[in-house]
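Novice: One letter stands for each residue in the lines below.
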Amino acid sequence: MASSDPSDDTLMKAYAQGDAAAFEQLYARHQAALYRFVRRLLGPSLSAQADEAFQDTWLRVVHARERWEPQGAAFRTWLFTLAHHRVVDLLRRGGREISVDAFEGDDGDEPWQPEAQLWQHWPAPAGSAPQGDELAFWRRAGERLLHCLEQLPLPQKSAFLLHHDDGLALDEVARALEVGFETAKTRLRYAMSKLRTCMGAYLEPLQGAAP
Amino acid sequence: MSEPDDDVGARDAWLSQALRHAPDADAVPPTAVSAAILAEARAAIARPTSSSPRGAPARGGTFADTLRACWDALARPSVAAAFASVMAATIVGLMWWDRPMDETQPRPASTAAERKIAAPPEPPAPASLDTPAPAAASADPQGAATSVRVAPAEVARKREAPAAFPSQETAQAKQREAPRPRVDEAKKDGAPSSFAGRGAATPARQAQNATATESLSAAAPAATSVPVEPTAPASPAPPPVVAAAPAARPAPAPTSPLDAGRAAQPVAKSIAPGRATVPSADPAMRRRGDADRRDSTDALERDKAAAAPEAFARRDTPDLRRERAVAATSPLAPLRDAIARDPQRWTLQSAAGAEIALDPAWRDWLAEIDAAAAGRWQATTAQALEDERREGAVLRLFVDGRAAAVIRLDGQAVQLDTFLGAVPERRRATLAPGVAARLTAGRARLPP
Numbered sequence: 100m101a102s103s104d105p106s107d108d109t110l111m112k113a114y115a116q117g118d119a120a121a122f123e124q125l126y127a128r129h130q131a132a133l134y135r136f137v138r139r140l141l142g143p144s145l146s147a148q149a150d151e152a153f154q155d156t157w158l159r160v161v162h163a164r165e166r167w168e169p170q171g172a173a174f175r176t177w178l179f180t181l182a183h184h185r186v187v188d189l190l191r192r193g194g195r196e197i198s199v200d201a202f203e204g205d206d207g208d209e210p211w212q213p214e215a216q217l218w219q220h221w222p223a224p225a226g227s228a229p230q231g232d233e234l235a236f237w238r239r240a241g242e243r244l245l246h247c248l249e250q251l252p253l254p255q256k257s258a259f260l261l262h263h264d265d266g267l268a269l270d271e272v273a274r275a276l277e278v279g280f281e282t283a284k285t286r287l288r289y290a291m292s293k294l295r296t297c298m299g300a301y302l303e304p305l306q307g308a309a310p
Numbered sequence: 398m399s400e401p402d403d404d405v406g407a408r409d410a411w412l413s414q415a416l417r418h419a420p421d422a423d424a425v426p427p428t429a430v431s432a433a434i435l436a437e438a439r440a441a442i443a444r445p446t447s448s449s450p451r452g453a454p455a456r457g458g459t460f461a462d463t464l465r466a467c468w469d470a471l472a473r474p475s476v477a478a479a480f481a482s483v484m485a486a487t488i489v490g491l492m493w494w495d496r497p498m499d500e501t502q503p504r505p506a507s508t509a510a511e512r513k514i515a516a517p518p519e520p521p522a523p524a525s526l527d528t529p530a531p532a533a534a535s536a537d538p539q540g541a542a543t544s545v546r547v548a549p550a551e552v553a554r555k556r557e558a559p560a561a562f563p564s565q566e567t568a569q570a571k572q573r574e575a576p577r578p579r580v581d582e583a584k585k586d587g588a589p590s591s592f593a594g595r596g597a598a599t600p601a602r603q604a605q606n607a608t609a610t611e612s613l614s615a616a617a618p619a620a621t622s623v624p625v626e627p628t629a630p631a632s633p634a635p636p637p638v639v640a641a642a643p644a645a646r647p648a649p650a651p652t653s654p655l656d657a658g659r660a661a662q663p664v665a666k667s668i669a670p671g672r673a674t675v676p677s678a679d680p681a682m683r684r685r686g687d688a689d690r691r692d693s694t695d696a697l698e699r700d701k702a703a704a705a706p707e708a709f710a711r712r713d714t715p716d717l718r719r720e721r722a723v724a725a726t727s728p729l730a731p732l733r734d735a736i737a738r739d740p741q742r743w744t745l746q747s748a749a750g751a752e753i754a755l756d757p758a759w760r761d762w763l764a765e766i767d768a769a770a771a772g773r774w775q776a777t778t779a780q781a782l783e784d785e786r787r788e789g790a791v792l793r794l795f796v797d798g799r800a801a802a803v804i805r806l807d808g809q810a811v812q813l814d815t816f817l818g819a820v821p822e823r824r825r826a827t828l829a830p831g832v833a834a835r836l837t838a839g840r841a842r843l844p845p
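Same order as they appear, the protein sequences are chains A and B.
First residue of the first sequence: 100, per the numbering used here; consecutive thereafter.
First residue of the second sequence: 398, per the numbering used here; consecutive thereafter.
Derived by calculation from the structure, the hints in this document are not laboratory data.
There could be a bad hint or two in this list.
Cβ-Cβ distance ranges computed for the label pairs, FRET-style [what the hints assert, rightly or not]:
#	chain 1	residue 1	chain 2	residue 2	range
1	B	ALA470	A	THR109	54 to 60 Å
2	B	PRO474	A	ASP118	33 to 39 Å
3	A	ASP104	B	LEU471	41 to 47 Å
4	B	ASP423	A	HIS246	14 to 20 Å
5	B	THR459	A	GLU281	49 to 55 Å
All residues carry an ideal CB built from backbone N, CA and C; glycine is no exception.
When you get a sec, could you build the whole thing from the sequences and use the hints?
Specialist: Following this line, the structure appears as structure tokens:
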């Protein structure tokens, strides 16, 4: 986003005052990340409802445009909060039991730490776009990561996606999930630990294929 | 970053890289969804009040806004559920609008009359009851001696058809077999209890009744020399209640001079066969009559319970329901419909063997039979068929030269045999004497 572009708050205010183009700009700016977030939260089993959750989120934005005030939270944080609520509603409507316990499924107080050696042979995550075998490696890693994400409880999955995929800071994650900072931090730590374990166990046979 | 970052606040470069290369990393919302969202966003700013809370009409808004607000309020789940409940209750109420909610509820007059029609015949009282109740007439000598004024027209009407009634002994013999409604039903219908009914339970009582009748005949021959038909109405076409309650069946002889007063009572409240009513204008006599009525009712109930307790259980058996269904359906109606659809195919053969085309006059006559026998049809037996063949007019209906039905008509009943279905059916309807005579006369006028 170029510095000359208006901020999300400015666009939202403009839309509240009747500027439809401002909303289109907002939508173009956040639609992909939000759609991806909703799809990954719902998982493959409920991917058919991703469109509904995505549309409902934006319609809530539309209907709440006059009540929205940039008080503390950025528009993006608020947008993902709305999406998270909608996903939780859908999961509950589908009969899923949504636990607010960040440590659901964990036996101990501290997450299990994976063997660091497993990661030594991973290709370095380059800043530029990988090519060739490295690209194939990361694509397979991405597939595996989505599978590992399915095994995470929703609070941990939300914290990880907001933090790693959508780029929210920890305090923004805590605000988006409407939990305390430490809670968000704990959820994120558990999520990362589980994902590392899951990914390391899976990618070990691929060490030879890594560059 | 070559290792996973243990700092939770920092992002794991490997996981982030894997996320960026996940299969759904490039997923975008469907075009239709995006179009719908953007369209709704544009439409929302076109209606300024759309962002107001749902259900709250905007101040100073247009009528359309108010209407929209009302619609939003009605579309709320709680309101919709209330509407659905009201609609369900309304539908259920309409479904049961004209039906009794319980069999124990009092039914309309027509239903009560139908029930009286289909009341099963009571078995004759056992002759072993050797302690009869006091005779009806003798139980109330004052009532028996009370003068009864029978309208001359009524007497004349009853004298018109004496031939249709058998002798008094036959009438009493049939009276013992005649269906008699329960006492509680008679009381429920408002029919006064019968003094004679007390004596009808046993032959001894009937003998006493006969004795009383004879004595009364001597005192008032004009009123008692003619058998009184309890349920005969003034109109020539009797109501259906006469059909099942044996109208053409010989009526019991009047056991009290006051029986003549029953003629003025409605048919629905007329007494059942075997009972006579003694409405009295004298309060003292009415009180005494009420006491006697209660006693007689109790005695009769006891007798019935001791003699034939199963009679109570037979009141609504499948046989009775089948009889009601038979009486309600006219076997002539489908026959007449078939004739009306294609009259050229139909011929009629009289008892003399003449082939007659079913012209409209014959069809009208069949319609008269159908109307006269409406609600009176009953299943009959082969023996009854033979009995009536000897004395009645026999008409055979043919369709395409094939026998379709046989109609027999005598002075008391009409009998119909149909061969249209897979199984031949025989039905019989007892007719009032006047009606049977009229139908016979109408038959005589038809050619040839």
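Novice: Hint by hint, which ones does the structure fall short of?
Specialist: Hint 1 alone not satisfied by this model.
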